[in-house]
Every structure is written in C-alpha cells, then in structure tokens.
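**Q** Protein chains in written order, with our numbering: chain C, 171 to 376; chain B, 360 to 639; chain L, 54 to 253.
No lab work stands behind these hints: they were computed from the structure. No residue lacks a Cβ here, since even glycine has one placed at the ideal position from N, Cα and C. Check the hints yourself; a few may be wrong.
[Claimed, not checked] Once the Cα atoms are required to be at most 27 Å apart in a straight line, the calculated DSS-like pairs of lysine-lysine come out as:
no., chain 1, residue 1, chain 2, residue 2
1, C, 298, B, 368
2, B, 526, L, 111
3, L, 111, B, 529
4, C, 298, B, 633
5, B, 514, C, 191
6, C, 267, B, 476
7, B, 444, C, 331
8, B, 639, C, 298
9, B, 514, L, 76
10, B, 368, C, 267
11, B, 514, C, 267
12, B, 402, L, 111
13, L, 168, B, 529
14, B, 526, B, 444
15, L, 253, C, 267
16, B, 480, C, 331
17, L, 111, B, 480
18, L, 253, B, 368
19, B, 582, L, 76
20, L, 253, C, 191
21, B, 526, L, 116
22, B, 444, B, 388
23, B, 514, L, 111
24, L, 253, B, 529
[Claimed, not checked] Not everything, but these chain B residues come out facing chain C in the computed CB check (under 10 Å):
no., residue
25, 374
26, 402
27, 406
28, 462
29, 579
30, 586
31, 601
32, 609
Spelled out from the first residue to the last, the chains are:
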Amino acid sequence: MQKELPLIIVFVSGLVVMLAKFFNFWNLPALVTTLDKWSIVMSTFAMLMGMIELSRLHVNNIRRRRVNWTYSIVTLLAIYLYLPFVLAQTPDGPTPKWMVANVSQPIGSAIYAILGFYIVSAAYRSFKARNLEAAILMIAAVLIMLGQAPIGETIWSGFPKVSDWILTVPNSAGMRGINIGAYIGIFATSIRVLLGLERSWTGSGS
Amino acid sequence: MPLYERLLKIDQRIVYILVILAMLIPMIKPMGLPIGVSENTRKVYNLIESLPAGSVILVSHDTGPGNAPELNPMLTALARQAFRKNLKIVAMCFFDNANGPQFIQDSIEPVATEMGKEYGKDWINLGFKLQAVQTMKMMITDLWGGAMNVDWSGKPLSEFPMMANIKSIKNDVAVIFETTVGTPGYGEWMTYVSEPAGKPLTGGASLTMYSGVQQYIRSGQLKGFLGGMRGAAEYEQLVKKPGKGSAGMDSQSIGHLIVIGLIIIGNIGYFMQKKAALQK
Amino acid sequence: MSAQTGLYIGALLTIMAWSFLYKENPFFRFTEHLYIGLVTAYGVGYTYHNNLVPIVTKDIVQKGGYSLIIPAVVGLLIYARYVRGWVWLSRIPMAFWIGYGAGYSLAFTPAVFMKQIFDSFIRLNTINNIIYFLVVVTAVMFFIFTVKKESGPMKWGHYAGRYGLMIAFGSAFGSITMAYLSLIIGRLGYILRDALHLIK
Numbered sequence: 171m172q173k174e175l176p177l178i179i180v181f182v183s184g185l186v187v188m189l190a191k192f193f194n195f196w197n198l199p200a201l202v203t204t205l206d207k208w209s210i211v212m213s214t215f216a217m218l219m220g221m222i223e224l225s226r227l228h229v230n231n232i233r234r235r236r237v238n239w240t241y242s243i244v245t246l247l248a249i250y251l252y253l254p255f256v257l258a259q260t261p262d263g264p265t266p267k268w269m270v271a272n273v274s275q276p277i278g279s280a281i282y283a284i285l286g287f288y289i290v291s292a293a294y295r296s297f298k299a300r301n302l303e304a305a306i307l308m309i310a311a312v313l314i315m316l317g318q319a320p321i322g323e324t325i326w327s328g329f330p331k332v333s334d335w336i337l338t339v340p341n342s343a344g345m346r347g348i349n350i351g352a353y354i355g356i357f358a359t360s361i362r363v364l365l366g367l368e369r370s371w372t373g374s375g376s
Numbered sequence: 360m361p362l363y364e365r366l367l368k369i370d371q372r373i374v375y376i377l378v379i380l381a382m383l384i385p386m387i388k389p390m391g392l393p394i395g396v397s398e399n400t401r402k403v404y405n406l407i408e409s410l411p412a413g414s415v416i417l418v419s420h421d422t423g424p425g426n427a428p429e430l431n432p433m434l435t436a437l438a439r440q441a442f443r444k445n446l447k448i449v450a451m452c453f454f455d456n457a458n459g460p461q462f463i464q465d466s467i468e469p470v471a472t473e474m475g476k477e478y479g480k481d482w483i484n485l486g487f488k489l490q491a492v493q494t495m496k497m498m499i500t501d502l503w504g505g506a507m508n509v510d511w512s513g514k515p516l517s518e519f520p521m522m523a524n525i526k527s528i529k530n531d532v533a534v535i536f537e538t539t540v541g542t543p544g545y546g547e548w549m550t551y552v553s554e555p556a557g558k559p560l561t562g563g564a565s566l567t568m569y570s571g572v573q574q575y576i577r578s579g580q581l582k583g584f585l586g587g588m589r590g591a592a593e594y595e596q597l598v599k600k601p602g603k604g605s606a607g608m609d610s611q612s613i614g615h616l617i618v619i620g621l622i623i624i625g626n627i628g629y630f631m632q633k634k635a636a637l638q639k
Numbered sequence: 054m055s056a057q058t059g060l061y062i063g064a065l066l067t068i069m070a071w072s073f074l075y076k077e078n079p080f081f082r083f084t085e086h087l088y089i090g091l092v093t094a095y096g097v098g099y100t101y102h103n104n105l106v107p108i109v110t111k112d113i114v115q116k117g118g119y120s121l122i123i124p125a126v127v128g129l130l131i132y133a134r135y136v137r138g139w140v141w142l143s144r145i146p147m148a149f150w151i152g153y154g155a156g157y158s159l160a161f162t163p164a165v166f167m168k169q170i171f172d173s174f175i176r177l178n179t180i181n182n183i184i185y186f187l188v189v190v191t192a193v194m195f196f197i198f199t200v201k202k203e204s205g206p207m208k209w210g211h212y213a214g215r216y217g218l219m220i221a222f223g224s225a226f227g228s229i230t231m232a233y234l235s236l237i238i239g240r241l242g243y244i245l246r247d248a249l250h251l252i253k
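Could you build all of it, start to finish, from the sequences and the hints given here?
**A** Next comes the structure, spelled out in structure tokens:
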C-alpha cells in the first residue's frame with residue numbers, strides 16, 4: 171500500500187490528463203480543469219516547505235557550528251524579521267516594496283551579473299583553436315558577437331548578415347536536432363514515469 | 360617567463376577590470392553607434408501595431424533579477440506602443456515570486472502615468488502565479504480562476520473595471536507577449552496555450568535563448584522575437600523612445616571587442632606555445 | 054527612508070556582492086545569505102496573500118467550494134515527511150504532480166514537436182534549405198546511441214552532425230556572452246545613473 175498507492179496515483183492522474191486531451195466522455199475535460207485548480211490549491215498549502223527546509227538547514231548549521239555558521243543567523247533573521255512585514259502589509263506594502271527595490275533586486279542582479287565576468291574569463295581561457303571542431307565553435311561565437319553588437323556593423327556592414335545566416339540556418343537546424351532528441355527523451359521518460367518504471371522521485375531508485 | 364606564457368596567464372582580476380572599464384567608458388562618453396532594426400523585432404512591432412484599439416495583450420514577464428536589464432526595457436517599450444494604440448495590458452509572471460511582480464510594476468507604471476493611463480482600467484498586474492502550466496491552461500477558459508481572482512496586491516479582480524470584459528484567453532485576449540529567461544517560457548505557452556487556443560505568441564527573451572528559439576521563429580510558432588538588450592534597444596527605436604536598452608548598446612559593443620581581443624590574445628599565446636614546444 | 058538612501062544601499066550591496074570577484078569574503082557571504090532569507094520570506098508572504106487568502110475566503114467560504122478542502126488536505130500531506138512512520142504520505146501530493154506533469158507532456162507536447170519535424174522536411178530548392186535539412190538529420194544521427202557508428206552513412210552523419218552542433222553551440226556561446234554582459238551593464242547603470250547620478 172505504502173509503495174503502490176503513489177504509483178497508482180501517478181498512473182491515474184497522468185492517464186486522466188491524456189484521455190481528456192483526446193476524448194470527451196465522462197466530462198473529462200471539465201474534470202481536468204477541476205484538477206488544474208486542485209493542483210494549484212495543493213501547491214498553495216505546501217508553500218511552507220521551502221522555508222521549513224531552509225530553516226532546518228541553517229538551524230543545524232548554527233547548532234553544529236559548521237563552517238560559516240554565523241551567516242546562517244543572517245538568513246534566519248532575514249526570514250523571520252521580514253516575513254511579518256510581508257504578511258501584515260501585502261506584497262505592495264511600503265516595507266516589502268522598499269526591500270524588493272533596494273535590497274533583493276540589487277543583490278540578486280549583482281550576484282547573477284558575476285556570471286558576466288566569468289564568461290569573459292572562460293572565453294579567454296578555453297576558446298583555443300586546438301582542432302577543427304574547436305575552431306568552428308570559436309569562429310561561430312565571434313561572428314555572432316560581431317553581428318549582434320552595433321560595433322560589428324560599424325566595422326563591416328556584412329557582419330549582421332553573416333551572423334543572421336549562422337543563427338537562422340546551421341544554428342537553428344542544430345538546435346532543432348538537439349530538440350528532437352530532447353522531445354524523444356521527454357516522451358520516453360514520461361512513459362516510464364506513468365508505468366512506474368522510473369521511481370527515483372520516490373527516493374527508492376528505479 | 361616567455362611571452363606566450365604571459366599571454367596565456369593574464370590574471371583573471373585584470374580581465375575583470377578590463378571588462379568594467381570597457382563597460383564604463385562608453386557610459387560616461389557615449390559613442391552613439393547606430394542600431395539597425397532586425398526583421399524579428401519589426402515583426403513584434405508590426406503584430407502589436409496591427410491590433411485594433413481595445414485589444415488585450417497578455418504579458419507573461421518571466422524573469423528574475425539576473426536578466427531584468429535585458430527584459431524590463433522590452434516591457435517598457437511594449438507598454439509605450441500599447442498605450443499609444445489604446446490597447447490593454449494584463450501582465451503576470453511565473454518565474455520569480457520575489458521580484459517578478461515588482462518588475463512588472465516598475466516597467467509599466469511610469470509609462471502609464473506619463474501617458475495618462477490608469478491601473479485597473481488600462482492595465483493590470485496579476486503578479487506571480489503558482490503552477491505555471493495548470494494556471495496557463497485554466498486561463499484559456501477562466502482567466503479569473505487562474506489568477507485566483509486577485510491582482511498582485513491581493514485586491515479582488517472585480518474591483519477593476521477593465522477585468523469586467525476580460526474573462527478568458529480564448530475569447531478576450533488578442534496576443535500573448537512572453538518575455539522569458541527559460542522555463543516557464545515559449546515551450547509552455549506554445550504547448551498549452553497558443554497552439555490549442557490558436558493565439559499568436561510573440562515577445563522577447565534573454566540572449567541566452569537566442570540560438571534556441573530560431574527554430575520556432577522559422578516554423579512560425581513564434582511571431583517575431585526581441586533578442587536580449589539589443590532586441591529591447593531595437594524595439595525602443597521603433598517606438599521612438601530610447602531607454603535603458605539603447606543606453607547599454609555602446610557598452611555592449613566595447614565589451615564584445617574586449618572579449619574578442621582576449622580570445623585572439625589567448626590563441627596567439629597558444630600557437631606560440633605550440634611552436635616553442637615543437638622547436639624543443 | 055528616502056528613495057535616494059535606498060538607492061545608495063542598493064549600490065553598496067551591489068559592490069559587496071561583486072567583492073567576490075576579488076576573492077571569497079564576509080561581505081559577499083553576508084549579501085548572499087541576506088538575499089536567500091529575504092526572497093524566501095517574501096515568497097511565503099506573497100503566496101499567503103495571493104493564493105491562500107483568496108482560496109479560503111472566496112473559493113471555499115464565499116462560493117461554498119468545499120471540495121477544495123480535499124486538495125488542501127492532500128497538499129498538507131507533504132509535511133508528513135517530518136512525522137516518523139508517516140513519511141510515505143508525503144509522496145501522495147508528489148505522485149499527483151509527477152503523474153499530472155507526465156500526462157501533460159505526453160498529451161500536449163506532440164503538437165509542438167510534430168510541427169518542428171514537418172518544418173524540417175522542406176523543399177530542397179535552395180542551398181540554405183539543403184544545409185538546414187542536412188544539419189537537422191545529421192544532428193539527430195549524432196544523438197543516436199544505440200546503433201554502431203564505425204562505418205558507412207552513420208559514421209559520416211555522426212561527423213557532420215558534430216560540426217553542425219559546434220556551430221549551434223558557438224552561436225549559443227556568442228549570444229550568452231552578450232546576455233551576460235548586459236547584466237553587468239544593468240548593474241553599472243544602476244550605480245552610476247540611478248544611485249550616483251553621474252551619467253544621464
């Protein structure tokens with residue numbers, strides 16, 4: 171029962187969605203619309219999961235005095251001091267609005283922007299014409315950069331055309347090849363999940 | 360240390376300083392390089408331009424703070440074009456609950472105020488929604504239900520006059536405008552809404568997705584495309600109001616030259632090293 | 054606090070986060086941990102106002118949608134993972150989402166997927182169309198792992214596919230570089246334009 175019930179639910183819920191797409195008996199499409207709403211309601215009531223897990227992790231860090239445990243205090247204080255303000259004021263209240271604009275967004279953007287520095291460093295270190303494949307990769311990247319940035323057009327008016335051709339012909343076709351492979355992978359995995367052959371999500375392996 | 364080794368081992372902190380300088384100098388002293396408008400941007404503009412007054416554009420602004428500099432200017436330019444044509448905007452997001460709703464507000468509100476458009480009458484921010492696929496699918500027939508009947512601040516949709524006539528994507532939405540950094544993105548909108556409901560899908564995305572979306576443009580599943588900050592800058596040119604997208608283009612140019620320069624230096628070093636190894 | 058003070062704080066936090074580029078340091082760690090805490094709290098508060106309150110007050114109480122109590126209870130089962138002996142119950146909501154997602158993929162993805170296939174079988178009347186068709190086919194051949202590729206058309210298809218994919222990856226890298234540079238531009242613009250008013 172403990173093992174079978176989740177697998178039965180996987181199969182039935184998947185089957186209902188598939189049948190509703192192709193058939194109209196037993197008012198299936200309406201049932202799926204109801205299940206859509208149910209799915210949202212379920213997620214809503216599971217909303218504390220992330221906060222609980224994060225709190226457990228950081229409380230354990232502090233308890234066990236793990237490396238950099240003092241920063242766990244910052245995270246916990248941020249959660250539990252800020253949450254009452256968001257709950258009391260609604261998301262467009264003065265405190266949440268100020269905090270999002272002046273604290274969350276600047277930090278989030280800045281941390282993500284670090285990738286910008288890394289990608290330049292990565293291009294310098296790894297783009298070497300070691301063989302034909304690497305040379306093709308490098309030349310395609312350089313031509314795309316020159317075609318996209320306005321300076322490329324200023325240097326030679328042909329760069330945007332070359333870059334456009336690379337993007338719309340070989341790149342688009344290569345990406346489509348990758349996508350076809352990915353779609354087939356999605357189908358295969360979905361079928362395995364529905365049939366209960368793929369069970370890694372239960373924590374018991376397949 | 361031989362020259363090739365110096366060329367191959369430039370300290371990464373020097374690389375970072377070079378990048379910052381390359382971005383800073385054009386900001387302080389702009390070069391004003393011309394920005395050509397691509398066919399894909401023109402398609403987006405023309406699609407919005409072809410809508411009759413009063414039509415509804417459903418915006419899904421799926422970005423976090425990371426890619427906001429690329430995508431927020433697109434939304435601002437869209438608002439400008441839409442409000443000039445008296446179109447209505449219903450905006451929401453699925454990607455980032457902590458920042459997305461505020462991005463929508465910050466990108467549309469100043470343009471609306473400037474053009475005399477009212478919140479709830481001409482545009483609305485439905486905010487972040489859970490379970491993207493289920494919500495999108497629900498909205499095809501029941502937009503209010505998908506939005507949980509509230510806007511981003513939790514106010515009931517019945518308080519906003521424009522929503523009285525906007526009940527479903529199927530009957531009341533003319534175009535879906537998606538700005539995305541990945542998932543949820545075009546894949547979801549295409550699969551669950553635009554294909555089954557027959558609604559045109561357009562918009563923009565971070566340039567990280569530029570090469571990946573070409574196939575959808577080619578097959579006609581995506582009607583035009585704004586590619587990153589460059590796409591936003593082109594759109595700003597078309598709506599005749601240069602903004603943050605256009606302002607960043609000179610820095611982009613010099614930044615690219617630095618990247619290409621570093622790649623060339625790295626390759627010169629590599630071939631010198633190879634030659635030296637052969638001579639030994 | 055005034056808007057300008059907020060901008061100064063935002064600029065300072067940006068520099069603190071970027072200090073990581075020099076080396077790992079307490080300023081970066083502080084901003085990182087602060088950010089995680091803030092977005093988690095906001096997310097919970099947001100869901101409370103935009104989902105929980107409308108579901109309970111409007112859908113269940115006002116409209117009498119008492120059937121929604123069922124998914125509410127199923128959703129709450131996710132917390133059973135913290136109760137010894139009842140952990141398996143937390144797999145029930147997961148099972149619903151996973152089955153539902155797999156069903157959706159199988160039911161809806163083919164419409165998009167097939168369009169991609171049909172669009173690949175184009176008239177081979179231009180050089181571009183021929184290149185397009187060949188790159189699609191050979192790229193797919195590259196991803197076939199169940200057939201030996203030591204000789205014949207599979208071997209050549211595999212090689213050609215690899216070159217096609219290299220162009221695609223190179224294009225992706227070029228685009229991604231531009232995207233990531235935009236992020237730096239966004240931050241520098243925030244510091245210099247919005248906070249310090251040094252540029253227009």
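**Q** Now, for every hint given, state plainly whether the structure supports it.
**A** Quick rundown of the hints versus the structure:
no., hint, result
1, 298(C) x 368(B), "14 Å, holds"
2, 526(B) x 111(L), "17 Å, holds"
3, 111(L) x 529(B), "24 Å, holds"
4, 298(C) x 633(B), "12 Å, holds"
5, 514(B) x 191(C), "34 Å, violated"
6, 267(C) x 476(B), "22 Å, holds"
7, 444(B) x 331(C), "32 Å, violated"
8, 639(B) x 298(C), "22 Å, holds"
9, 514(B) x 76(L), "46 Å, violated"
10, 368(B) x 267(C), "45 Å, violated"
11, 514(B) x 267(C), "16 Å, holds"
12, 402(B) x 111(L), "42 Å, violated"
13, 168(L) x 529(B), "22 Å, holds"
14, 526(B) x 444(B), "22 Å, holds"
15, 253(L) x 267(C), "25 Å, holds"
16, 480(B) x 331(C), "43 Å, violated"
17, 111(L) x 480(B), "23 Å, holds"
18, 253(L) x 368(B), "37 Å, violated"
19, 582(B) x 76(L), "45 Å, violated"
20, 253(L) x 191(C), "54 Å, violated"
21, 526(B) x 116(L), "18 Å, holds"
22, 444(B) x 388(B), "35 Å, violated"
23, 514(B) x 111(L), "12 Å, holds"
24, 253(L) x 529(B), "44 Å, violated"
25, 374, "5 Å, holds"
26, 402, "13 Å, violated"
27, 406, "19 Å, violated"
28, 462, "8 Å, holds"
29, 579, "13 Å, violated"
30, 586, "8 Å, holds"
31, 601, "13 Å, violated"
32, 609, "7 Å, holds"
Hints 5, 7, 9, 10, 12, 16, 18, 19, 20, 22, 24, 26, 27, 29, 31, counting from the list given before, are not met by this structure.
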